[in-house]
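Asks: This is what each chain is made of:
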Amino acid sequence: MELRELTKAYGARRGLTGLTLQVRRGEVFGYLGPNGAGKSTTIRLLLDLIRPTSGEARVLGLDPRADGVALRRRVGYLPGDFVCDGRQSVRAYLRFLAALRGGVPQTAIDALADRLGLDQTARIKSLSKGNRQKVGLVQAFMHEPELLILDEPSAGLDPLMQQTFLDMVAEASAAGQTVFMSSHIMSEVEAVADRVGIIRDGRLVALDAVANLRSGTVRDIEVTFDAAVPPGAFEDVAGADRLRLDETRTVLTGQVAGSPDALVKALAAHTVLSLRATEPALEELFHTYYDGAEAAPKATSASRS
Amino acid sequence: MSSAVFAKSLTDSRRGLIGWAVGIALVGVVYASTYPSQKENTANLPEALRESLNIDATAAGYLHASVFGVILPLLAMVYGIMAGSRAVASDEESGQLDLLLAHPVTRTSLAAQRFWALTVGALAIAVLVWLGLLTVRSSAELTSVTPLEFLAQCLNLALLAVFFGALALGVGAATGKRNVVLAASAAVGVLAYTASTFAGQLDADWLAWLTPFHYYIGGEPLRNGFQWADAAVLVVASAVFVGVGLFRFNRRDVNA
Chain C
1 MELRELTKAY GARRGLTGLT LQVRRGEVFG YLGPNGAGKS TTIRLLLDLI
51 RPTSGEARVL GLDPRADGVA LRRRVGYLPG DFVCDGRQSV RAYLRFLAAL
101 RGGVPQTAID ALADRLGLDQ TARIKSLSKG NRQKVGLVQA FMHEPELLIL
151 DEPSAGLDPL MQQTFLDMVA EASAAGQTVF MSSHIMSEVE AVADRVGIIR
201 DGRLVALDAV ANLRSGTVRD IEVTFDAAVP PGAFEDVAGA DRLRLDETRT
251 VLTGQVAGSP DALVKALAAH TVLSLRATEP ALEELFHTYY DGAEAAPKAT
301 SASRS
Chain A
1 MSSAVFAKSL TDSRRGLIGW AVGIALVGVV YASTYPSQKE NTANLPEALR
51 ESLNIDATAA GYLHASVFGV ILPLLAMVYG IMAGSRAVAS DEESGQLDLL
101 LAHPVTRTSL AAQRFWALTV GALAIAVLVW LGLLTVRSSA ELTSVTPLEF
151 LAQCLNLALL AVFFGALALG VGAATGKRNV VLAASAAVGV LAYTASTFAG
201 QLDADWLAWL TPFHYYIGGE PLRNGFQWAD AAVLVVASAV FVGVGLFRFN
251 RRDVNA
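Chains C and A, in that order, are what the protein sequence lines are.
Under our numbering, think of the first position of the first sequence as 1, with each following residue one higher.
Under our numbering, think of the first position of the second sequence as 1, with each following residue one higher.
Extracted from the complex, chain A is given alone in its bound form:
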């Protein structure tokens, strides 16, 4: 299998990807650096409020609730959706897919290579976030979280981005319509995020199991290290999205 599409996807997106990776890493670093000042505030919160915010004064607790709990997963999700929508739907709408598929490349190969490219992008972002956090780990008093535990959470961050990338790519491969991709992915993202937030408050575990955010952070990798089962769920779900999208892609007409 030729890797020309894979290589081109990466080179084409390199500027955007570098921007994303640096941006996300910076956001992570800046937020994480506020831990020393926030620690006091958090400790002063009433116990009940702390409970409901799912936050505690430890480094892991702070990172879990703020950096890795809100801002980074949302950015990772947006990256995934954008990269996934570009993979098939955007090219199809602009008419460029016609030319590529008139070459000796199968649809499966084309979509798969683009999926690998977005996966590599997600991993690159996660690695940069990890390196960024390591640089401020001691200055921001985060030494209670080991580098490996940081890595575990960053891996899940990458897998979360891949999950949404696979969703967007799958919907794009199935429909070829960028609007549908963006609407569907955003809807899933919002629903999933809301569900994961409410699940904690309602003690509805079954609801949590339905959302990718649960598998991303529910196992608290910052405290417990690698959560292989959770990671596997994200990987399998991504594979299913891509697989279903390809199934449909291979059987439908390419839109003119």
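Just chain C, same shape as in the assembly:
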């Protein structure tokens, strides 16, 4: 999958600005950004639902516009807000979607539905949001596409199902399928993604392996000692200006940027009663990548990302 200088203008507002991105065959790519950043816009461009203002996209070596049907045959897509309709049963609906692809073995559909605990005899309109999302997942995975494009895939799934979903992604990846999944939640992506791209206001602001991205982020920490430590105990630690001891000198609070290694080694000289370090939230990750680049984040626009 290759995007070159992809731009999509919506009136005065820019949907995407000069997006250049490569996703390799067989990799799991996490596409992160807040709502309204342009994630769904990118995805809909890949599927030829909308057309770029300028720039070019190639997916599986094909042009989404010129070779749309051939391309979409090899793609499984889960829309950001998956909607399905009607009085029909889940089974009938999945059969219909399978028929659009020229048929999918019923065993494949059954296996996925069973795995996700989806009752195929239920009527679509009686389904909860989570169960609808399962229908969406089944239809995206059922024909074992070469490329899975998943927009906010675990929205509405309970934690157990989220794990099942992540397993499915990992297995798809192991089987050589490429996965492009968007999310605004870091934790959803980091477990399975090989690389992550972060998009904000229609621009790619970071693109790296998950581990590398994390290395530049900031964590809040809080350490409690069993006895007062010397006043200057952590002065030599890199970035110590962001750490502070309370008046009893038994609690250390503050932030650590990047690797906490130096701090951990300094802490080792004392008896630590408790240690708390937050996982850097995606929002902080954005700010890390955004510092100085632009002012405070703009209010999320009314439309979807």
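Certain hints may be false.
Here chain A is said to cover these stretches of chain C; the calculated rule only asks that three of the stretch's residues, wherever they fall, bring their Cβ under 8 Å from a Cβ of chain A [claimed, not checked]:
1. 49-58
2. 68-82
3. 90-99
Example chain C residues on the side facing chain A (calculated, C-beta under 8 Å, incomplete) [what the hints assert, rightly or not]:
4. 40
5. 44
6. 85
7. 86
8. 102
To be clear, the hints were calculated from the coordinates, so they are not data collected in a lab.
As the structure is a computational prediction, the values presented were derived from the model and not from experiment.
Note that CB positions come from ideal geometry on N, CA and C, so glycine has one too.
Fit chain A to the known structure of chain C by using the hints.
Replies: Chain A in isolation, oriented as in the chain C frame:
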């Protein structure tokens, strides 16, 4: 070309379609059955009034002015507009079009299959109306109109529904907005109906030629049988609506 969309459109709409077909046929049958009692009333009307209402005491004249002149074409029009607005615009507004078009289906194929489904629906309605009228043909003293002449008028009824269905589908494909579809189709329907009514009174033939109702009933199929040229006009106009809508559909963004 896969026919999955076509088949699904029909199965999804089967309840509504059966309701429509039975309802429209019943209305037709009930109205037609009143001919024996209305015949007297009509005959008693002053000549001038009869002229202006475009009604005469014959069975064909009565059906032309009442059943096929007013109520059935309006119902057929409403069916067409509803089916046509569902074809693209409704799905697009609800967000379901995204998923369908992410499948290996072209936009042209999707819209065309839905158009065929609404055409089949219109034909089904017309056939049911025809069968309904045949059952009361002798009891309602309508035997002066042959079954074939009934069929000719019912065919035009179907084509009228298809005309409005194509209009609604075309506007929906071009804009993707259900409100625009309903407003535009209803406006065309009202204007066309008004024009066809006034055209008779004003003797303005050119005005009549502009309205679909003229091609639907102007040739008086109940008296003259099949009016192939009129039918062809409705078919061609429908094809143009669908074609123009598709042209735009294939070039625009699908609304999120």
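Asks: Evaluate each hint against the coordinates.
Replies: So, going through the hints one by one against the coordinates:
1. For the segment 49-58 of chain C, the assignment as covered by chain A holds, since 3 residues bring a beta-carbon within under 8 Å of that chain's beta-carbons and 3 suffice.
2. Taking a C-beta to C-beta cut-off of 8 Å, the segment 68-82 of chain C contributes 10 residues in contact with chain A, enough for the three needed, and the coverage statement holds.
3. Here's how the segment 90-99 of chain C fares: 3 of its residues keep a CB closer than 8 Å to some CB of chain A, so the rule of at least three is met and the hint holds.
4. Interface restraint check for residue 40 (chain C): the shortest CB-CB distance to chain A comes to about 7 Å, inside 8 Å, so the restraint holds.
5. Satisfaction of the interface hint for residue 44 (chain C) is found here, the shortest Cβ-Cβ separation to chain A being roughly 7 Å, below the 8 Å cut-off.
6. Satisfaction of the interface hint for residue 85 (chain C) is found here, the shortest Cβ-Cβ separation to chain A being roughly 6 Å, below the 8 Å cut-off.
7. Because the smallest distance between the Cβ of residue 86 (chain C) and any Cβ of chain A comes to about 6 Å, under 8 Å, the interface hint for this residue holds.
8. At its closest, the beta carbon of residue 102 (chain C) sits 7 Å from a beta carbon of chain A; the interface hint therefore holds under the 8 Å criterion.
In this structure, none of the earlier numbered hints is contradicted; all agree with it.
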